[in-house]
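Guided by the hints, dock chain B onto chain A, whose structure is given.
In case you want the letters, here they are:
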Amino acid sequence: MTKFEEKQPAVSVDKLMWMYEQMVKIRYYEDQMVEVYSEGKTPVFNIGAGPVPGEMHLATGQEPAAAGIIVHLTKDDTVTAPHRPHHHAIAKGVDLKRMTAEIFGKESGLGKGKGGHMHLFDPKVKFSCGGIVAAGIPHAVGAAMANKMRGKDWVAVAFIGEGAANAGAFHESLNLAALWNLPLIVVVEDNSYGISVPKSASTSVESNDLRASAYGVAGAYVKDNDPIAMYKVAEEAVNRARNGQGPTIIEIQTYRFLGHFQGDPELYRDKEEVPGLRSRDPIDKLRQQLTDSEQVSEKELEEVEARAKQEVDEAYQFARDSDYPLPEAALEDLFTS
Amino acid sequence: METAKKRMLTGNKAMAEAIAQEMENDQNVFVLGEDIGKYGGIFGSTQGLIEKFGPERVLDTPISETAFIGAAIGAAAEGMRPITELMFVDFFGVCMDQIYNHMAKIPYMSGGNVRLPMVLMTAVGGGYRDAAQHSQTLYATFAHMPGMKVVAPSTPYDLKGMMTSAIRDDNPVVFMFHKSLQGLGWMDQLDYSVGHVPEESYTVPLDKANVMREGKDVTIVGIQMMAHHAMEAAKRLAEEGIEAEVIDLRSLAPIDKDTIIKSVKKTHRLLVVDEDYRSYGMTAEVAAIVSEEALYELEAPIRRLAVPDVPIPYSAVLEDFVIPGPERIVEQVKQMMEEG
Chain A
1 MTKFEEKQPA
11 VSVDKLMWMY
21 EQMVKIRYYE
31 DQMVEVYSEG
41 KTPVFNIGAG
51 PVPGEMHLAT
61 GQEPAAAGII
71 VHLTKDDTVT
81 APHRPHHHAI
91 AKGVDLKRMT
101 AEIFGKESGL
111 GKGKGGHMHL
121 FDPKVKFSCG
131 GIVAAGIPHA
141 VGAAMANKMR
151 GKDWVAVAFI
161 GEGAANAGAF
171 HESLNLAALW
181 NLPLIVVVED
191 NSYGISVPKS
201 ASTSVESNDL
211 RASAYGVAGA
221 YVKDNDPIAM
231 YKVAEEAVNR
241 ARNGQGPTII
251 EIQTYRFLGH
261 FQGDPELYRD
271 KEEVPGLRSR
281 DPIDKLRQQL
291 TDSEQVSEKE
301 LEEVEARAKQ
311 EVDEAYQFAR
321 DSDYPLPEAA
331 LEDLFTS
Chain B
1 METAKKRMLT
11 GNKAMAEAIA
21 QEMENDQNVF
31 VLGEDIGKYG
41 GIFGSTQGLI
51 EKFGPERVLD
61 TPISETAFIG
71 AAIGAAAEGM
81 RPITELMFVD
91 FFGVCMDQIY
101 NHMAKIPYMS
111 GGNVRLPMVL
121 MTAVGGGYRD
131 AAQHSQTLYA
141 TFAHMPGMKV
151 VAPSTPYDLK
161 GMMTSAIRDD
171 NPVVFMFHKS
181 LQGLGWMDQL
191 DYSVGHVPEE
201 SYTVPLDKAN
211 VMREGKDVTI
221 VGIQMMAHHA
231 MEAAKRLAEE
241 GIEAEVIDLR
251 SLAPIDKDTI
261 IKSVKKTHRL
271 LVVDEDYRSY
281 GMTAEVAAIV
291 SEEALYELEA
301 PIRRLAVPDV
311 PIPYSAVLED
321 FVIPGPERIV
331 EQVKQMMEEG
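Chains as they are written, first to last, in this note's numbering: chain A, 1 to 337; chain B, 1 to 340.
Pulled out of the complex, with its shape left as it was, chain A reads as follows (with noise of 0.2 Å):
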């Protein structure tokens, strides 16, 4: 093998372009976010106030999960996706002025200013969020039956956390998925705690891809939150799910940059993980995959980072200006007519 084949990545670079674009906007975005979210909460903090307010869970450094399988997916595939689903939602394309409007709680937003951060529903690009842990996995396994029942070669992919692999939806979800062999795939994050409770404290197994055996599925297991090993992990998967070969568990080993919510003192670890942490920052190494195959200039590089920042600049100033919705509103849109 010479050298230079060395440097090249397994993977396409338009493929690896494309996460490399939804990595750095959604860095970016969830970056705006903390700005944002610190309005009005200063010098006291206080969890109502300000132009956010409300819990919020932001997935810096968790990217490489979501962009890493969202790039085998297409508008027709669904994805659940937990209490923390920003880099989800913007990978799978969710529209993000409306995304962006409803997290400002104004009448412009995806669910009207009702749902939030931890609730954001895009029917048009199939994808869900919800506050309650696993319980977004069963949802996915009710999109992967209508697939099979309409002869669909879509799938349906749920992301959770490393915390919700040890309650009861992730083991219903998964027996029932192998059983009727449909076509799921959940992501399992593990971002190494379940709020404050470190992995080793809470789950009896070292990774939940162990777990598959228990339900006939197939695991895989990605380290270091390496977007081209997900990539290729979850291509395997995207494919034996659409091939009707059934679910997988993919469990992928992935840092959460800030605090489980804005305003979370971490008094749980060690000042110096977090550096460490973003020492091996995933979007760095990617940029630098993508410079070393000498596939790709800095000035592409460049304007994709400029174009994904310019995308959330918009999405923020469209939240911004938006209308707050009348207090009345409160009263629509629990029953459709």
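These are calculated hints, taken from the structure and not from any lab test. Here a beta-carbon is modelled for each residue, glycine too, at the ideal position from N, C-alpha and C. Possibly wrong hints are sitting among the right ones.
[Unchecked claim] Away from chain A, derived, C-beta distances all over 12 Å, residues of chain B:
no.	residue
1	Glu-22
2	Glu-78
3	Asp-97
4	Leu-116
5	Pro-117
6	Gln-133
7	Asn-171
8	Ser-279
9	Gln-335
10	Met-337
[Unchecked claim] Label pairs and their calculated CB-CB ranges:
no.	chain 1	residue 1	chain 2	residue 2	range
11	A	Glu-332	B	Glu-214	34 to 40 Å
12	A	Ser-196	B	Lys-265	56 to 62 Å
13	B	Thr-203	A	Lys-152	39 to 45 Å
The following block gives chain B in isolation, referenced to the frame of chain A:
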């Protein structure tokens, strides 16, 4: 004789017929739940469906209520029209997150962008000595929480017509059927668990109470078994010259206020009877509606009969003590007539 020609069906067959007709009409309709295949549903709600539509559309599930009710939600979000069965309403505890945090809230939280056209059917009620974990109705538990239509039909005719409406509705509908009203061979044989059911498809609205009997002296509001007990009580009261109007609510959410108010304005007395717990329940809701909207029409204080805030006990003497029956209704009405 016209009546002699009328086709009679049990409650369970009326329900199953509605489901079958909708499955024929719409490929998106399917059923999933425990023992709903070859067994035909523990209380017969899916009798004959698997023979007609096969295991692809009539799916027996593992004992995984969270997974299969959640899957029904996921399938409904994709445009399917699932009907899922929670075998006993008492089992709600293992899956209420899916029912309430998801099924009931997703349409609202999505600003109406996601529709969940699904039916959650479930068996309710006691009276056959099955004790505290298999005998509740939990009407109010479900009706209390916004985002679900909650219906509890009392006759075979309504079981079919309201099931058809529920399947066609674009909102989540909790369809409670009373075990004793299914007309099953292995339970008490009740006359009113068999009734006239037209063969052709028809609908009964999900938001209208039914005046089962007209009367001028007192309004008795009930649902399912309590509506039938009220009818029995009304018969006995009539022998003593008291004419009771009996309202079968049929729907708990939304509740048909107009029919209740209209009746109370006529009779000026109200007794509410419920097979659910007394506190914070349906009897309190109906009493509050009348207090707010027709208080000055009343000639006697509103009375309530309900399960006296204990779990349903096993032993027959104990269960019969806590679940209201016709005798107690008669007694309450007579006392009310003396007050006014």
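Tested hints:
no.	hint	verdict
1	Glu-22	holds (16 Å)
2	Glu-78	violated (4 Å)
3	Asp-97	violated (6 Å)
4	Leu-116	violated (9 Å)
5	Pro-117	violated (9 Å)
6	Gln-133	holds (19 Å)
7	Asn-171	violated (5 Å)
8	Ser-279	holds (26 Å)
9	Gln-335	holds (40 Å)
10	Met-337	holds (40 Å)
11	A:Glu-332 - B:Glu-214: 34 to 40 Å	holds (37 Å)
12	A:Ser-196 - B:Lys-265: 56 to 62 Å	holds (60 Å)
13	B:Thr-203 - A:Lys-152: 39 to 45 Å	violated (31 Å)
In the structure shown, a violation is registered for the earlier hints numbered 2, 3, 4, 5, 7, 13, in ascending order.
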